[in-house]
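> The numbering of the sequence shown is my numbering, which starts it at 920 and goes up by one.
These are computed hints drawn from the structure, not numbers from a lab.
Just so you know, even glycine gets a beta-carbon here, dropped at the ideal spot from N, CA and C.
Misleading hints may appear alongside valid ones.
Listed below are the simulated BS3-like cross-link pairs for lysine-lysine, each with C-alpha atoms no more than 25 Å apart in a straight line [claimed, not checked]:
1. K1000 to K1015
2. K1033 to K1000
3. K1015 to K1033
4. K1015 to K974
5. K974 to K1045
6. K1015 to K1045
7. K1000 to K1045
8. K1033 to K1045
9. K1033 to K974
10. K974 to K1000
Label-pair restraints from in silico Cβ distances [as the list claims (entries may be wrong)]:
11. I1066 to K1033: 15 to 23 Å
12. D1054 to R999: 28 to 36 Å
13. L1002 to D1054: 33 to 41 Å
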Amino acid sequence: MTTSTTVTRYGTVAPPIIQNATVLKDPVLIGLRYPIPSDPKNGYFSKSTNLDLVKSNLSSLLRTERGERFMRPDYGCNLRKFLMEPLDEVTFSTIKEEVMTSIRRYLSTVSVGKLQVFETRSGQLKVNLFCSIRDTLATAFNIGVRI
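Construct the complete structure from the given sequences, taking the supplied hints into account.
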């Protein structure tokens, strides 16, 4: 009598489809690289994956004004409207709210750990984000955008 080494804890043999199944550890995100590179060697529409893709999508979201993107009039952050505003806590909190609302709406894979809005020495506004990608193992990054 032959015995099987693939016995479940209930005493039944697992079917071959379950025995040969593989488990993915991290989901793979694939998309187009943005901004579109002008490198004919790798192609004009080259792919970007995981961290590079999320960084470029986040940078694109923060730099885009609402109404600027074709067929998506509500996409963007409207950060340029704060250029002539006074540099006080009210403006900084409004910028933070605008950024968080846009990220929640359009980049659900990004989890924001810390968001800083401050004035640089040259008088410009800068937004720093310390983020991670949800459902992945230890992929934290930061990104900064000047307004």
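> Check the hint pairing K1015 with K974 against an upper bound of 25 Å on the C-alpha distance.
holds (18 Å)
> Between K1033 and K974, is the straight-line Cα distance small enough, at 25 Å or below?
holds (16 Å)
> Does K1045 sit within 25 Å of K1015, going by the straight-line distance between their CA atoms?
holds (11 Å)
> Does K974 pair with K1045 here, judged by a C-alpha cut-off of 25 Å?
With a Cα-Cα distance of about 17 Å, the restraint between K974 and K1045 holds, given a limit of 25 Å.
> Taking only the CA atoms, is the gap from K974 to K1000 under or equal to 25 Å?
Holds, at roughly 23 Å.
> Take a quick look at whether K1033 and K1045 sit within 25 Å of each other, Cα to Cα.
With a Cα-Cα distance of about 14 Å, the restraint between K1033 and K1045 holds, given a limit of 25 Å.
> Check the hint pairing K1033 with K1000 against an upper bound of 25 Å on the C-alpha distance.
holds (23 Å)
> Are K1000 and K1045 close enough, with their CA atoms no more than 25 Å apart?
With a Cα-Cα distance of about 14 Å, the restraint between K1000 and K1045 holds, given a limit of 25 Å.
> When you take the CB atoms of I1066 and K1033, is the distance between them in 15 to 23 Å?
Since I1066 and K1033 have Cβ atoms about 18 Å apart, the given range 15 to 23 Å holds.
> Has the hinted range 33 to 41 Å been met by the Cβ atoms of L1002 and D1054?
This hint holds: roughly 36 Å between Cβ atoms.
> Within 25 Å, alpha carbon to alpha carbon, are K1000 and K1015?
Between K1000 and K1015 the Cα gap is close to 14 Å, so the pair holds against 25 Å.
> Given the hinted pair K1015 and K1033, is their Cα-Cα distance within 25 Å?
holds (10 Å)
In this structure, every one of the numbered hints holds.
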